[in-house]
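S.K.: For the record, the sequence lines run as chains A and B. Using my numbering, you'd call the opening residue of the first sequence number 3 and step up by one each time. Using my numbering, you'd call the opening residue of the second sequence number 3 and step up by one each time.
Just so you know, these hints were derived from the structure itself, not from any lab. Please note that the accuracy of each hint is not assured.
The list treats identical chains as interchangeable, and a pair is accepted whether it falls inside one copy or across any two copies.
Stated by the list, open to error - Pairs of lysine to any residue residues, derived as SDA-like cross-links and limited to a Cα-Cα distance of at most 20 Å, are as follows:
| id | residue 1 | residue 2 |
| --- | --- | --- |
| 1 | Lys225 | Arg290 |
| 2 | Lys36 | Gly181 |
| 3 | Lys225 | Ala236 |
| 4 | Lys77 | His237 |
| 5 | Lys276 | Gly327 |
| 6 | Lys225 | Ser75 |
There are 2 protein chains.
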Amino acid sequence: MSGITLPVLIEVVRGTTVESRHRGAAVVMDRHGKVVWSLGDPELVMFPRSAIKPIQAALVMAESGAMAAFGVSRKELALACSSHNGQPMHVEPVLAWLDRLGLSPTDLECGRQDPGLASDMHALYRAGGEAGPEHNNCSGKHSGFLTICRHMGVDPKGYLDPEHPTQAAVCRTMAEMCGVDLARADLGTDGCGVPSIAMPLHALALGMARLADPAALADARAKAGRAIVEAMAAHPLMVAGTDRACSALLESGRGRYVVKGGAEGVYAGAWPEKGYGIALKIEDGAGRAAEIAMTHILRRIGALDDEAWSGLSEWATRPQRNWVGTRTGEIRATNALL
Amino acid sequence: MSGITLPVLIEVVRGTTVESRHRGAAVVMDRHGKVVWSLGDPELVMFPRSAIKPIQAALVMAESGAMAAFGVSRKELALACSSHNGQPMHVEPVLAWLDRLGLSPTDLECGRQDPGLASDMHALYRAGGEAGPEHNNCSGKHSGFLTICRHMGVDPKGYLDPEHPTQAAVCRTMAEMCGVDLARADLGTDGCGVPSIAMPLHALALGMARLADPAALADARAKAGRAIVEAMAAHPLMVAGTDRACSALLESGRGRYVVKGGAEGVYAGAWPEKGYGIALKIEDGAGRAAEIAMTHILRRIGALDDEAWSGLSEWATRPQRNWVGTRTGEIRATNALL
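Put together the whole structure using the sequences plus the hints.
M.R.: Here it is in structure tokens:
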């Protein structure tokens, strides 16, 4: 733990009283590693979790030629970057993609997870169904891993293992993009079973800056990076889903920037116009704070124009309601973000 | 916000790296308001949320004679203090209690909520049912409010309103127990629709100390307080349910102390043997941190004997697993609590 006390970025208000507070750190960087803007401690060590998905399975799949070889669409590329709601709009294309690979949901090793929206979940069980790995929020990324396995001609079984050729290639790529020494980094296991690489917050920002401005990358990787940004921007709902900050932010960007959230209060972004990468971590891991903070950071650094900003008011200050729908308060940014 | 930076009490570990941190404040107090032990800032203003349930509907119901008049059992008194899982073991007695009052779930104004355990929720929808207000984690407390309404002979409709005779009596009682000036306090609306009174953390500890050592209270209230402690201790599973820290802590206490958690990282406890009240608030509102911190505070102040402590190992350090059951890390106390 660094000696720096992180500032309070987000506060939770009930009535007129602040009842909870979220601290965090954020850094905006260019591909040379120059810090453009920061809050708190950019050296904070964290796991990027799902915020790194754009430079995980998706990047290797696009760069290696696996994407072209298996006719992976732009929509499927966006799904490979997603932490989705498990809505029919996500599950159906995942099933079709697996089928095209000659595989099935039983080949996904991410585990079963209920759909994210209560209405979908109720409908699933009411119809006598049950959640499978295809509903898991990571099933798009795992379909990406399986596509790489097929392209490499390796047995997909055990593709989560850091030693498996697919996972080894993916870890190497993430480490290269973020400038992390894989031999010295702590490898944690993510919620969906794959390795997550511990790194300072600025390393995630650097990886995203290289996605935003891939000019210095090798041709195949640069091309892959551009395709990923385009795919996420073109299919906001594929990356998260209905009523999700990540999709709302992607939509509001109209292609100007992309963002991706992860568990434990992590958020990452890439702004190609400026060549900036963005990384954010809420100290306590709260996603409710990260999404509001990311909205304000985009505004603060100038990525959100007035039109985009006004369309995001419900994500800039989040009204809170109780079980019967009465407004009880709000979650809002502190002066540190304004 | 006070100027005191709260200490990190709990850390979330993945691999060998701390990925998230939770700060908090705690205070242990006797009924005279003497601070026995504290961490962080006892002046921190918070909403006690559901942690105050033992001195909310339950206390007024028992003190006013409503409990005796309507033959409310000790198990039902525990339910009136509960934030339950909406398991059949909770829902069935709530329905029977309402029926005895001549009322039905439509009289509960807490709103619908899915059962807390995935298995119950799946079974409910698979059977073609749907969640009602009786499944709401607060339905026991609301049955308590309705019992008070019946005893007062007032129309239950609108019983959530601070001006309703039932709610006014309950707010007055909570404020008296905690030494709060109701005329000056911020009244927030809780998740289940009733008022929650903003107060410093030490005020919640004082209220719980008066429950732990009711000697100076008026006879009827002292008797009611003792009945509540006995009921919670006798029915740990009624207060929360399967796989819940609150029930595990109550069971481990074997009647020596009682505890109750609330939303936004609040926990309260009463230890009659010493006459101590305990109040804890996690700065960011995380329940996962509050339950581990409470376990350690009980150990630290001597309320947990060796046998109880060894039975609570999974709540003292909480293993973390991913969707396929692989251990990914743990949530544990920092030195501040050891």
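S.K.: Please name the hints from earlier in the document that this structure breaks, with their numbers sorted from lowest to highest.
M.R.: Of the numbered hints, 1, 5 do not hold.
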